[in-house]
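Please dock the two separately framed chains into a single complex, following the hints provided.
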Amino acid sequence: MKVVHLSKTPLACSPGRMSFYLNQIGISSSHFFEQDYPGELQGKMTMGSFHFNSTKESIELLESHLAKADIIHVHNHISASLVALVNKVFSGNKIIFHAHSPLREGPLFTDVSLVMDLEFTDYYVVAQYQPRHYQEYTPICNIVPGIDGFNDEPSASSDVFKIIYSPAHSRAGGRWNPKGSSALNVSLQYCVSQKLAELKSPPKTNEAQLLAYRNQCDITIDEIITGSYHQISLEGLSAGNIVVNNADFFSIEMLKLAAKTDENPPFYHMNESNCSNRLEQLVMMSEQEVTERKQKSREYFTKYLNPERLAGLLAEKYERK
Amino acid sequence: MKVAIKKAKKLVKNPKLFFQDSNILKRKGTNSSEPLDSEPRVIGHLDTVEEIKFDIKNKGIRNKSFSTLFLVSKNIKSLSKAPIFGDMLKNKNNFIGFREKTLFALRVSDEVYSFQASYENLVHNKNWHSGLLGDFKNVILAGGYIKYAEFFRTANVNVRIIAILTEKNEMVAAQSYQFIDHFICHKSHNDCQFKKDLTFFSNTKSLLQAIEQRVTQAGSKPYDYLVPVVGSITYLPEIDELNSENIDMVISLTTLDKNIINKANNFSEYVDLISKNINYLLLKESWMQRYASYVTKQDMSSLIKVALQDGARVKIL
Chain A
1 MKVVHLSKTP
11 LACSPGRMSF
21 YLNQIGISSS
31 HFFEQDYPGE
41 LQGKMTMGSF
51 HFNSTKESIE
61 LLESHLAKAD
71 IIHVHNHISA
81 SLVALVNKVF
91 SGNKIIFHAH
101 SPLREGPLFT
111 DVSLVMDLEF
121 TDYYVVAQYQ
131 PRHYQEYTPI
141 CNIVPGIDGF
151 NDEPSASSDV
161 FKIIYSPAHS
171 RAGGRWNPKG
181 SSALNVSLQY
191 CVSQKLAELK
201 SPPKTNEAQL
211 LAYRNQCDIT
221 IDEIITGSYH
231 QISLEGLSAG
241 NIVVNNADFF
251 SIEMLKLAAK
261 TDENPPFYHM
271 NESNCSNRLE
281 QLVMMSEQEV
291 TERKQKSREY
301 FTKYLNPERL
311 AGLLAEKYER
321 K
Chain B
1 MKVAIKKAKK
11 LVKNPKLFFQ
21 DSNILKRKGT
31 NSSEPLDSEP
41 RVIGHLDTVE
51 EIKFDIKNKG
61 IRNKSFSTLF
71 LVSKNIKSLS
81 KAPIFGDMLK
91 NKNNFIGFRE
101 KTLFALRVSD
111 EVYSFQASYE
121 NLVHNKNWHS
131 GLLGDFKNVI
141 LAGGYIKYAE
151 FFRTANVNVR
161 IIAILTEKNE
171 MVAAQSYQFI
181 DHFICHKSHN
191 DCQFKKDLTF
201 FSNTKSLLQA
211 IEQRVTQAGS
221 KPYDYLVPVV
231 GSITYLPEID
241 ELNSENIDMV
251 ISLTTLDKNI
261 INKANNFSEY
271 VDLISKNINY
281 LLLKESWMQR
291 YASYVTKQDM
301 SSLIKVALQD
311 GARVKIL
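Protein chains in written order, with the working numbering: chain A, 1 to 321; chain B, 1 to 317.
If we strip away everything but chain B, and leave its shape as in the complex, we get (with noise of 0.2 Å):
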């Protein structure tokens, strides 16, 4: 009696979840998991069995700027119990980068994977290099999966790769931060390493705060200004024309000196050094939102390093 009260209850409150979870329509497929496939949130599988079989089908993205993937293993049942992303889809506050149009997930083999071995096959692979992976703005991956942030990292110039860290995660190596945009951990682990945008998250709460964050800050901004990041400036005559010229750095040196091409072998050496007479310098707000963690430790020469290994359009005055 109780099963059907309740039953009838979801029957108004959510027809679309009560016949989909209703024995009369369920399929009798022997793969338990291939109704998730049917899921509108799936949008692809990542399948390291063999080799990298990479799909993503045709759905469409709303919002692209906020859009965000995710990955989730393959053994997951139900979307709602998988971590950090079941938590995602309650989505209280109706955030637009975790609604129905914008927040996906990719179903993903627990196998073992390199990246360099996979190379050959990826690089013939359009779903890799181009088609609706690059419609994604964020990719989050989390624990185990931060693995894939070099695969995600170099199949597009625009997007954002998030990384997650909980408390049971071990620590990454070092060599994956190259790959990684943003890095939220658990307080936990206090001696990771990541520079450029490092933040720490306590509970359930703070991360999902964490994460919303970073991709409001990947969506569309209507204002966009460049804003002084070190050194002071009290009028800068050309400013409007900087902001309207699509330049996201301005670097102004005290001086330049001639010989430098003879003291510096190639361009990390020649940041070090030009980096000692910075006058001043302004980065888009979005841009400096990026590096965080080198803003506040004023350290410019990374931060010029990163700025433009990520595509920055520079001016120097």
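Isolated chain A, as found in the complex (with noise of 0.2 Å):
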């Protein structure tokens, strides 16, 4: 089996992943993305991934790699040239739409597999809030990577514990793409200030290196505004954090759904109305609570979310007729 990923942009990384770890279970992937992130992030989002840029040897590399695939992915909405360039040269039977945004707001708006001009035999959605917008997709959890041998045994730092925030940039107004939430800041400032906990907002940098710098952490926020979970909160259980987030009963049991996991992920609850009980609660605790807590987190991202089980099944996904 062949597969060829498409990204107008690296999209977090995420079909680079999930292109990296279908290799690494013996499938051939494949990964292309048309324009790179602008600024701090360009090169970073990427895991092996091809920046197909309309130079002479990408178009050729990208068309010797569409020729023999069996299967193309497309990601989100790509050009309409990448499009024309699809149907030119893939001979294969399964083209797959898989959304990874909103309805209603940016990127997106609308579901985009009706406007690009390719006839798609399959339908998925990322395992978060999205299935809500595409009912009927398959929904997809989201691979990150596991953590090296460096750090096989989370524990709590010893002096005040790191909590790592770094929201991304994210579109303002939405439902599902707003991130900040002024409460936590203000939260999380008081707890900076009286000494109770360190704030880590690392610089950007690749994303291998930003899952370490998680790794040295003791707690990782998402956001705690919409009622998902994201990409991050998949980080954060592989780095052996406890993951804080607002995610709702349908975002974990779409995760759930699509790990194939009857066990909630170990998740720690906060909402803009008493985060900053939920987060003093947290910094409060003791070393060996945190340790355990951590220890949980990396447990459950090591039975269910780790990279080669999701790759597999997602082979299995592809093997559906």
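I should point out that these hints are in silico values taken from the structure, not numbers from a laboratory.
Not close to chain B: a few residues of chain A, all C-beta gaps over 10 Å, as computed:
#: 1; residue: G26
#: 2; residue: G43
#: 3; residue: N93
#: 4; residue: E119
#: 5; residue: L188
#: 6; residue: L199
#: 7; residue: P202
Derived contacts from chain A toward chain B, CB cut-off under 10 Å, selection only:
#: 8; residue: R104
#: 9; residue: M254
#: 10; residue: T261
#: 11; residue: D262
According to the in silico footprint, chain B covers these stretches of chain A (three or more CB under 8 Å from chain B):
#: 12; segment: 106 to 115
#: 13; segment: 137 to 144
#: 14; segment: 172 to 178
#: 15; segment: 241 to 252
Every residue gets a Cβ at the ideal spot worked out from N, C-alpha and C, and that includes glycine.
Right, here's the structure in full:
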């Protein structure tokens, strides 16, 4: 089986990771993206992905992969010229549309599988909040890397606990895009000023290094306002952090559905009304309790979300007629 | 002589309109609909002759929670003659939603239109996905303009799309239903299959009432509490907390099958399964009004699906 993943942007490394781990389990896969992030994130959100930038060499490379592929896996929206290239060269029988973004807000606004001139055979959706917008599509869990041997046993920092919170640029407005919370910021500032916690906001770096930084911390904060979890929560579990979010029932159930487990992920919930209490409870926990919770996160990840297992689940879905 | 008296009365009663209609001040432009653009109620154009050209001028909208955009044909020479819109302008009850700074018209060219073909342009058009369009709570599409439902629905999370089908109009395709929030249908279309909030009218008066009702419901509510939609609960100790926590929907399940993750392939199938085990369901009053037809039919699965699609914040007990 040969799979080519296509996306306009790196999409926070999601397709790149999928492609990488498919290769790890023996399925030939490659990922091409059309335009990289500008500025600091340029070149940092890929995992062996190829940048298709309409140079002669990259076109030839893409064409040769497309011609050999059995499956095309399209993530979000790709340009009309890339669509035309696929239609010209691809001779396989499976074209997958995979939705990563919400409806009624940017970047997609509408179901773009109906906009692109491709004959899709399968429809996937990221298993966070997105299944509410694409209710018939197959939920797929994002794949994030496991941690290397340098940090086998998560344990609490001996001094103050380290919180890593680095909200990426998010679109303003909308129901699912916003990420910032002033209530949370105030609570965090309070904890830091009272020396109850240390706040880490590492500079923009490649995704592997960011994960390594995360591994040095105790608590990962995703976002607490929409009711969903994001890729960062999964990275937090992988890094053996206590993961903070406000994931609601359906977000969690879709995660379980996609990862084929009936066990709830060990998220630590807080919302805008209770975040100052919940945060204080968290940073005042004993070292032992924090260590236990960190290990629970790592255990859950290793058991259900480890990349080879999720890549295997994805491969199973590829094989469905 | 009679004309002079009439005009004198007009000058006294409505000086603005007098001068506007007066030949002395009439513009010399060749485009006879140009004066309409300067009308305070006209806020922009939707021009689909070549590609979608969509502009919305910078006008002050008051009472945004009741604000409404109404599509009228570019061929209309006078707003007071525009079908349905002209009647709304009369505003005998001085309804807040029909006042000058709340109800606006968008002038549309009646050309062939394809949302899919215009998509690439639209995504780069800030007038469409940001800006003034986002300030309108309601967009009213009558008859042939229902085809723009996707155009308006997908641009904004909070907008309400109100579709109106008169006796003359043909029924629209069911594919457009997903982009419509409220459907007001002439009673002759009694086979309409729209599910969320469907209401019928027989004359202009009942049509205007139905519009007014929906605009009122969509406007801000001073008190908006969780009310039971199905099942019975006598007392819920955490109800005050839930009401203040910004939760739109509360579902209590009798059981949750651990094996459900193997039985459901997607979100829709999942909701179908859990809907069989609902103990009770609470919905904020304003939300319940949006899905009146589902509530009447007690179709909980569809209700949950559409509420979550529309962004309801949910808690499961």
